[in-house]
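Protein chains in written order, with the working numbering: chain A, 1 to 99; chain B, 100 to 286; chain C, 287 to 892.
Think of the hints as simulated: they come from the structure by calculation, not from any bench.
One or more of the hints may lead you astray.
[Said to hold, decoys possible] Derived list of chain A stretches under chain B, where covered just means 3 residues or more per stretch with a C-beta under 8 Å from a C-beta of chain B:
#1 28-36
#2 40-51
#3 57-71
[Said to hold, decoys possible] A short list of chain A residues far from chain C (calculated; beta carbon distances all over 10 Å):
#4 2
#5 5
#6 8
#7 18
#8 54
#9 83
#10 84
#11 85
#12 86
#13 87
#14 88
[Claimed, not checked] Pairwise CB distance ranges, derived in the manner of DEER restraints:
#15 4(A) / 256(B): 33 to 41 Å
#16 52(A) / 241(B): 20 to 28 Å
#17 868(C) / 5(A): 37 to 45 Å
#18 241(B) / 868(C): 23 to 31 Å
#19 197(B) / 88(A): 55 to 63 Å
#20 146(B) / 52(A): 25 to 33 Å
#21 4(A) / 880(C): 38 to 46 Å
By construction, the Cβ of each residue, glycine as well, lies at the ideal position given by its N, Cα and C atoms.
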Amino acid sequence: MNLPQILYLACGLFCIGLYGALTRRNVIGLLLGVEIMSNAVNVLLLGFSRFTGQVAAQAFAVFVMALTVAEVVVGLALVILLYRTLRHTDVDEANHLRS
Amino acid sequence: MSALLVGYALLLATMVMLALFVTLGKNLVHSVLGLALLLCATAILFVVLRAPFLAGIQVMLYAGGVVTLMLFAIMLTRRGAGVEIVNQHIPGRRLPAALMCVGLFGLLARAIHQTSNWPAMRSGPLPTTRDLGLSLFIDHALAFEVLGILLLAATIGAIVVARKRDHGEPEAQRRYGRTTLPREGKS
Amino acid sequence: MHNLAIQHLVGVAVFAPLATALFLALAVPLRRHGWAAAYVSVASVLVVLAASVTALIQGWGAPPVEFGVTWLKLSGVPVASLGLRVDGLALTMLGVVGLVATCVQVFSLGYMSGEPRPALGRYFTYHSLFVFSMNLLVVAPNLLQFFMGWELVGLTSYLLIGFYYQKPSAAYAAVKAFWMTKLADMGFLVGLLGLYLSTGSFAFNAQQTGLVATATTLALFVAVMGKSAQFPLHVWLPNAMEGPTPVSALLHAATMVAAGVYLLVRAAPLFVNAPTTLHIMLWVGVVTALFASFVALVQTDLKRVLAYSTCAQLGYMVAAAGAGASSAAYFHLVTHAFFKALLFLAAGSVIHAVHSNDMRKMGGLVRVMPLTTAAFGVGTLALMGFPGTAGFFSKDQVLEVILEHAGWAPAGLLLVGVGLTSLYMTRAFLLTFFGAQRCGAHAHPHESPTSMLAPLVLLMGGALATGWFGSSLAAATGHHYHFHFSVVGGAATLVSFAGLGLGLLFYGKAGLAGDERVVLRSLATFVNRALVDRAYAWTFSVVALGIARSCAWFDRYIIDGAMNYTGYVSLLAGRRLQRFQTGNVIDYVAAVVVGTLMLLTWGLFQ
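So that you can see chain A by itself, here it is in the shape it has in the complex:
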């Protein structure tokens, strides 16, 4: 077990999550991808914490978690709003940013 392994894992998780976020049609699927990405960041932070002994990395992981939770809460609220206004949760159809 060494640091590069953890880093490869984190990067892999991040890229998989990104793929999900980029390709999912359902907004909730998109949020799942984002969850995986932030989780990957936490893995990275804790890996560094383990190998360098710095506590700040753990503190930052706490912050990342809290931010992710806030993001999920607001994101899901938006999903519900989106569903209520459009009667579906399809990202591809929600292109109202255009006009």
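Given chain A, work out where chains B and C should sit, using these hints.
Chains B and C alone, transformed into the frame defined by chain A:
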């Protein structure tokens, strides 16, 4: 020793598999459950990385809170009983997204590969939960407080955004969504 | 303590008018009130006069000092500074500017009293700006600051010539003056650059040699020709008479046009190194003096007579500077400032009374305007060089140094010019103030109010007395001069009397009919029309239009073409880029990812 290593390798492989399942799976509910499993596996990894406190939060907050929230959201947004929630991919996006992700991973892996002087496994004392608490409340006290305000704001914002409105302009709301806050006295 | 006081006094003299101009420009109600602005401006110029005179008295005989701040640095080396150079030259010139400006502004109180109030406020704001610009130029410690003042006086000149901007001829004259002087100012710019490239400084006494010195000083001299109305760049000055008469007195006779000569005096150490330039200068001055004197003979507009006379007198100064005697040029500048301002203000008084510039509509005014007549008479005598008046001493010195340094040819030609000067001034004086009254039945000329007469009296004193201070003036600028009778001086006086007699003979009895003498008329008309106007017409039609046509072609096909092509490309690019604006969140996320990828690639493979 080798048993531990095998377990470690298994953990990593499981995490990647779960992530792929979450991302590529056809059924949205299954994906969410897969995410819960992935988060639990990550918690185990945190324990391996000697961060038991964060492993605890991970299980409670993510696996408990977030996943439940998502399941509720799915339930609220399905179009009626008996309709299976499909979790399709957008066909035209798959190839460019895959290229981007593989490219990103390639670049990151190259950066990791190029770096040679990684710190070795630390043999000295590791930060304990007590150290984490001290760090959060002394070194990062301000950030921590700001984070509390952020969470409060997110909660209130979520309530405002998701609240059911009876007195909107139905046509405009149906087409464009609510763009202004409700007027006073109408809520 | 001594230096501090001088520094403060000179600073007040320079910056009080600037403060006044800014104040009047910003305090709109005050300016539009007119009279308030006028009194503020007059008070400010009185302060300037007091400061200048006090500084002159305090700094008399003191060694030159400089105060200033470094303005431009080029890789740590100071290139140019802004500041005050206080020496005899600057102090005396400050005194002259302050005195004439005060006289002119007080005179304007009466002369401009009929103007609408906002126009009056504008007028005095410009005047304050002018005093600042002129003083900035006078105290400049180097050519760069000199150039700033130079351009600023050009601007105020433009503004004041175009004061009656509703009048098409005034607007035209303003633009003409601006373009002519601006064209000449390109020479100043070239000279500045040349000086800096060859010596690395903008100092007045930078040392240059050979061809570089000649080129630099020639470029500077082109600017002088424009500003001081030397042939052939003099054409703007007669047109500049479209401005109010006090403006003509201050800017286009006494101070602004003299800035060119002041530059020649100030930068004399530069010009000394370029004998070729000095030679050209001498002959330009001589030609201008003669030519302008001829043209002045046939003008019917009183102000134009004085304008051409100014050209001619500036020609004397330039010729003196060209002969290497800058102190003589400066002496004539100072005396000329007084008597020409006097002449212009007296002419203004006349114009105020008869509401016309045309000498054919004047005449016989001595009976109703005795004091103005006396003032104009004194100015005329001083300009003619009547023994004892200011012009006598300075013109005598100019001729003497030219004979000494440049030989008999230019001196002889200038002597002819002296005779012509007497002739045309006698003509103007007689036609304006004597003979029959021709101003029409409806006009009732009357003597001007006190605010206009007081400056006349003051300047009369100046025109009579300045000549006696020649040796002090020379001492202040570091030269020696003592008046003595010389052959050329005596000859000049005789020629001047001859011109006077000829003028009396031609115009004494005949009055306006004296103009009909064939010899005078044909000669002057030929010189003016045939030579100059034709030359300008040719230059314009062939050279300027040719350049303009090629510029038009370049503009249409190269510049416009480039513009159109740029527009076309932008349009095309816009249409293409439009597709990125899908309004879909995922596409924006993808864009972020692509950007990240690019940054990463750059970071990894640079």
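Hint by hint, here is what the structure shows:
1. 28-36: holds (count 7)
2. 40-51: holds (count 7)
3. 57-71: Held - the stretch 57-71 of chain A has 12 residues with a Cβ nearer than 8 Å to chain B, which meets the minimum of three.
4. 2: Holds, since 22 Å exceeds 10 Å.
5. 5: 21 Å, holds
6. 8: 16 Å, holds
7. 18: 7 Å, violated
8. 54: The assertion about residue 54(A) holds, with a minimum of 24 Å to chain C.
9. 83: 16 Å, holds
10. 84: 18 Å, holds
11. 85: Holds: least Cβ distance 15 Å, greater than 10 Å.
12. 86: 14 Å, holds
13. 87: For residue 87(A), whose nearest Cβ neighbour in chain C is about 18 Å away, the distance exceeds 10 Å, so it holds.
14. 88: Nearest chain C Cβ is 15 Å from residue 88(A), so the label holds.
15. 4(A) / 256(B): 33 to 41 Å: This hint holds: roughly 40 Å between Cβ atoms.
16. 52(A) / 241(B): 20 to 28 Å: 24 Å, holds
17. 868(C) / 5(A): 37 to 45 Å: 39 Å, holds
18. 241(B) / 868(C): 23 to 31 Å: For residue 868(C) against residue 241(B), whose Cβ atoms are near 40 Å apart, the range 23 to 31 Å is violated.
19. 197(B) / 88(A): 55 to 63 Å: 26 Å Cβ-Cβ, so the 55 to 63 Å window is violated.
20. 146(B) / 52(A): 25 to 33 Å: At roughly 19 Å between Cβ atoms, residue 52(A) and residue 146(B) fall outside 25 to 33 Å, so the hint is violated.
21. 4(A) / 880(C): 38 to 46 Å: Roughly 26 Å apart at Cβ, these two residues miss the hinted range, so it is violated.
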